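Visitor: Take a look at the letters that make up each chain.
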Amino acid sequence: MTKTPHLLKNSLKFPQPELEPVDTTVAVATAATPTPSGTRSDLEPGPRGRKPARRFSRRNLFIYGTLTLVALYYLLPLYVMVVTSLKGMPEIRLGNIFAPPLEITFEPWVKAWSEACTGLNCDGLSRGFWNSVRILVPSVILSIAIASVNGYALANWRFKGAELFFTILIVGAFIPYQVMIYPIVIMLREVGLYGSLTGLVLVHSVFGMPILTLLFRNYFASVPEELFKAARVDGAGFWAIYFKIMLPMSLPIFVVAIILQVTGIWNDFLFGVIYTKPDLYPMTVQLNNIVNSTQGVKEYNVNMAATILTGLVPLSIYFLSGKLFVRGIAAGAVKG
Amino acid sequence: MKSIRTTLVAATALCGVSVAHATDLEVTHWWTSGGEAAAVAEFAKAFDATGNKWVDGAIAGSGGTARPIMISRITGGDPMGATQFNHGRQAEELVEAGLMRDLTEIAEKNNWKDIVRPASLLDSCTLDGKIYCVPVNIHSQQWLWLNNSVFEKAGVAVPTNWDEFAAAAPKLEAAGVVPLALGQQPWQTTLAFQVLLVALAGPDAYTKVFGDKDAEFAAGPDMARVFQAAATARDMAKNSNVQNWNDATTMVITGKAAGQIMGDWAQGEFQVAGQVAGKDYTCLPGLGVNEVIQTGGDAFYFPKVDDAAITEAQGVLAEVMMSPETQVAFNLKKGSLPVRGDVDLNAANDCMRKGLDILAKGNVIPSPDQLMSADSLTLVNDLFVEFFNTPSLTAEEAQTRFASIVEEAD
Amino acid sequence: MAAMARPARWHRNISAKVAAIPMIATALCIFIGGTAWTVVYSFTNSKLLPKESFVGLRQYERLWGSSKWLTSIENLAIYGAFSLIFALVIGFLLAALLDQKIRFEDTFRTILLYPFALSFIVTGLAWQWILNPDFGVQAVVRGLGWESFTFDPLYNPDIVIYGVLIAGLWHETGLIMCLMLAGLRGIDEDIWKAARIDGIPTWKTYLFIVIPMMRGIFITAIVLIASGIIKVYDLVVAQTGGGPGIASEVPAKYVYDAMFLSQNLGQGFAASTMMLLTVVIIVVPWAYLEFGGKRK
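Sequence lines, in order, name chains W, V and Z. 212 is the number of the first residue of the first sequence in my numbering; add one for each residue after it. 2 is the number of the first residue of the second sequence in my numbering; add one for each residue after it. 8 is the number of the first residue of the third sequence in my numbering; add one for each residue after it.
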């Protein structure tokens, strides 16, 4: 890894928390590992930047003030969506989108989940929820399995030509999906997977591959070489090292990969609708149908409720994973 | 194989609609709004009554979202049982590629040639003498919708044609009303232009431009007048900043705007708002000048499949869609006109009757979808959306560009 | 030691190559194959279905003669430049703020990051609403008494792309902030100590010492942002539909519209080939240096 900051490099290779046998309690590691130079675990709220200043100083006021303002700005759209989804249509037409509802109604939520019509099917988003899960689970598992093994091979078992393919892959990350629609229809048709869940899972794996491989490759490259060598000395092979050494200490990067894939696949509309059949259509298809109905009166409250409902799965994963995400991102991205 | 299919088709024909062979038939379409869904439900109901089962595959977001999905399904070798397209040239290539089922036999047996009116509808479904689709409705675009009370308040008589409307614009503006509501989406601006073209220059001019692709005529003085009128319309609509057509209609209903040029589907909005035709709002077909309507509409195509049961169900559905009862039930809900002239529409309101009268008189012109390829139409759309949104683009310049599009068009 | 650490080369190659088969297949079949297919068919006049009727460069002539395409390119340039700069700068500043040993860091971080969990469609719709002059920000400010206040980016062709930018940044800066924060956490405390001893001001330490050390992070961030910029489509569709007029068209939308609205596959392929060409010209040399070159 060429671009590792030099100081880090010299400081006897990362005694990073990831090396601890999988221990989800995030930040203990630094203390436990003898770290000569104070590389902190990624999220430990250790001293950062400058020397901690006194509370209530002007500097603190500035920091908290700015962050609070920014946070309010970031929360604004969510606030608008939630507030709108709790209003009745007459109230929405009258008014100010920022005003809290005068009269709270959960009807739009009920409607979005179980009553909104798509053509003749009036069962709202609920119809697509399980389909989304059915698509999500195998796609996430397969794409991450492939990308992690790939990243591992690229980082630790380099072979001639590997970097070339990797470069192609990275360039592939920049190709707009629309361009690939027809070639993939043709390929899937030729292998007989068109319209099946398997086909869609493969498509998701393919398009998730560039970024995921990049992250895994960077992560595995940051694992101390000594560890790898020691395993080789013990006679462990490619798969043994992957399963016995790499996997157990890769929780953070897997969390990142899971989050990215869950977000991407759950929010996908285009692939879901083009490469499957109606009985497999994901939730986003219903969302599109509810939100995009071109004729008739737009029920903004139902749209907003549907929108929030559809976003709940990725949102809750974000809220639950919390620190692990940043920790994983750190490990996967720091080393260029 | 072919003979089996022929036999089956013949069998279907013999047994007619009455025999129940329970087959699930997946039908894709992009009708998802309240009124549209209610209309589709009529098809589904009638089809289910034959003992088969309508499996609904609705995709919202208009044809632009739905069509790639449908085309992918058909070319991907996993076709649905039936699918909506706007008739005209959208599905031409799928037919040429042999992916669509030939419906000629069913059409002949049921005499579609005689009952479908105007005949141009069936022509659009015909390629090399064979019929490939079922037209289900007629949507006309040539309407000017006016809010009567706005004109009263501004102290002007409700216009009876476009020129009066344009003349009333200053007074309307003085009264704080946007004279013309116009959604900013490309198709709406093109629609406004086409309607002006047919109304002010006449149906022949329209056919010359869109049908014969006569570039010289498109660059000529008759068309110059139309472009000037379009510039006037642009001016009248300069304070209208909505995107969707129904938002524009809402501006008219609520009195923020005085009028809108829009297809007959706008009427549904007035009805939902509880307004009465003739009393609360006025509709002027052909902008009150040339009372002609375009006969665009929707049609259903049936992809070729290997499954005999599905093939049979397709035939049943085609017949059901054309049957008089279904035509009436469907079109009343959809707000469009039926494709057969021999049905009775008692429930139709004032504006719909005006449309029916014009249809009966035969004052019809084909829709642009029937005349021009989707590709050329997009170029036209792009030009007009730019024109209506760029006050600095002059009528003359737009006309020159329009003429060159017409010259290249196919 | 060497013999043990480095087993016979072929052996080592085999496992890794087997493991890399999916990647190689994807790179060759999908990315190279699909791209080649697209390029080939960009020279045809394919309409609804791909057809091998070659027409030379006609699709390209038409592409560059189209004002919609030119507007798309211009918008992408504006959106891309600002998006890249602002996402990096804002992301870094926010990360630096969060990195000051503050309380509630988790809360702030979660708030900044959550938009990334939402799809672009959702982002576009929410912002379309907030920026709507009739009941969004403009209406509210006017309601407070400032009657002449005008803020309607989505309805003004001159600035509509900035309206899209606001939403785009809202969506992605959280993720960039996380990356930056991760990078800052990887900076050795000794560096800060040394900088302080030398009396270097904080901002200088950040600018000249810390940022250069975070090169890897910046690269990952740029790959993420840039690949998103090129593909920006859903956001525009949901927020403006490309309007008013054609003022907020973007290349990915041009491609999609050409292929599926106007049923002119050839034109869509030509436009996407141009996009690919741009990507290749910019990305390939960099990617090769970055990933393909010799490593230390």
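Worth flagging that the hints you see were computed from the coordinates, not collected in a lab. Hints may be right or wrong, so weigh each one.
[Unchecked claim] These stretches of chain W come out as covered by chain Z in the derived footprint (C-beta under 8 angstroms, 3 or more residues):
no., segment
1, 288–295
2, 313–323
3, 335–347
4, 376–382
5, 401–412
6, 517–529
[As the list claims (entries may be wrong)] If you want the ones that stay clear, here's a sample from chain W, every Cβ over 10 angstroms from chain V, calculated:
no., residue
7, Phe273
8, Thr277
9, Glu326
10, Asn332
11, Pro435
12, Lys455
13, Phe465
14, Val484
15, Tyr486
16, Lys488
17, Lys534
[Said to hold, decoys possible] DSS-like mimics (lysine-lysine), calculated; alpha carbons at most 27 angstroms apart, straight line:
no., chain 1, residue 1, chain 2, residue 2
18, W, Lys322, V, Lys209
19, W, Lys534, Z, Lys58
20, Z, Lys24, V, Lys131
21, W, Lys322, V, Lys110
22, V, Lys305, W, Lys488
23, V, Lys54, V, Lys362
24, W, Lys488, V, Lys54
25, V, Lys239, V, Lys305
26, V, Lys305, V, Lys110
27, Z, Lys200, Z, Lys211
Because the structure is a prediction, the values reported are computed rather than measured. From the three backbone atoms N, C-alpha and C, an ideal C-beta is built for every residue, glycine too.
Visitor: Give a verdict on every hint.
Guide: Going through the hints against the structure:
Counting residues of the segment 288–295 of chain W whose CB lies closer than 8 angstroms to any CB of chain Z gives 5, so the stated coverage by that chain holds, three being the minimum. Residue count for the segment 313–323 of chain W with a Cβ under 8 angstroms from a Cβ of chain Z: 0. That is fewer than the three needed, and the coverage hint is violated. Coverage of a stretch by a chain is defined here by at least three residues with a beta carbon nearer than 8 angstroms to that chain's beta carbons; for the segment 335–347 of chain W and chain Z the count is 0, and the condition is violated. Requiring three or more residues with a Cβ within less than 8 angstroms of a Cβ of chain Z, the coverage given for the segment 376–382 of chain W holds, as 7 such residues are present.
Coverage of the segment 401–412 of chain W by chain Z is violated in this model, with 0 residues showing a Cβ closer than 8 angstroms to a Cβ of that chain against a need of three. With a cut-off of 8 angstroms between beta carbons, the segment 517–529 of chain W has 7 residues touching chain Z; three or more are needed, and the interface restraint holds. With a closest Cβ-Cβ approach of about 40 angstroms to chain V, Phe273/W is found to remain outside the 10 angstroms limit, as its non-interface label requires. With a closest Cβ-Cβ approach of about 35 angstroms to chain V, Thr277/W is found to remain outside the 10 angstroms limit, as its non-interface label requires.
Non-interface status of Glu326/W relative to chain V is upheld: no Cβ of that chain comes within 10 angstroms, the nearest being about 12 angstroms off. Against the 10 angstroms criterion, Asn332/W falls within the reach of chain V, whose nearest CB is about 6 angstroms from its own CB. With a least CB separation of 48 angstroms from chain V, Pro435/W remains clear of the 10 angstroms interface cut-off, as annotated. Residue-level check passed: Lys455/W sits 43 angstroms from the nearest beta carbon of chain V, beyond 10 angstroms.
With a least beta-carbon separation of about 33 angstroms from chain V, Phe465/W lies farther than 10 angstroms from that chain, consistent with its non-interface assignment. Against the 10 angstroms criterion, Val484/W falls within the reach of chain V, whose nearest CB is about 5 angstroms from its own CB. Not every CB of chain V lies more than 10 angstroms from the CB of Tyr486/W, the least distance being 8 angstroms, so the non-interface label is violated. At the 10 angstroms boundary, the C-beta of Lys488/W falls inside the reach of chain V, the nearest C-beta of that chain being 7 angstroms off.
For Lys534/W, the condition that its CB be more than 10 angstroms from all CB atoms of chain V holds, with the nearest at approximately 39 angstroms. Annotation: proposed proximity of Lys322/W to Lys209/V is violated, straight-line Cα distance about 50 angstroms (limit 27 angstroms). Pair hint Lys534/W plus Lys58/Z does not hold up; C-alpha atoms about 52 angstroms apart against a cutoff of 27 angstroms. Pair hint Lys24/Z plus Lys131/V does not hold up; C-alpha atoms about 55 angstroms apart against a cutoff of 27 angstroms.
Between Lys322/W and Lys110/V the alpha-carbon distance is near 45 angstroms, which puts this suggested pair outside the 27 angstroms criterion. Proximity of Lys305/V to Lys488/W is assessed by CA-CA distance (about 17 angstroms); at most 27 angstroms being required, the pair is judged to hold. The suggested pairing of Lys54/V with Lys362/V is violated, with an alpha-carbon distance near 39 angstroms, which exceeds 27 angstroms. A threshold of 27 angstroms between alpha carbons decides the hint, and for Lys488/W with Lys54/V the separation of about 17 angstroms falls inside it, so the pair holds.
For the given pair, Lys239/V sits about 49 angstroms from Lys305/V by alpha-carbon distance, which is inconsistent with the 27 angstroms threshold. Between Lys305/V and Lys110/V the alpha-carbon distance is near 20 angstroms, which keeps this suggested pair within the 27 angstroms criterion. A distance of roughly 14 angstroms separates the Cα atoms of Lys200/Z and Lys211/Z; the hinted pair therefore holds under the 27 angstroms criterion.
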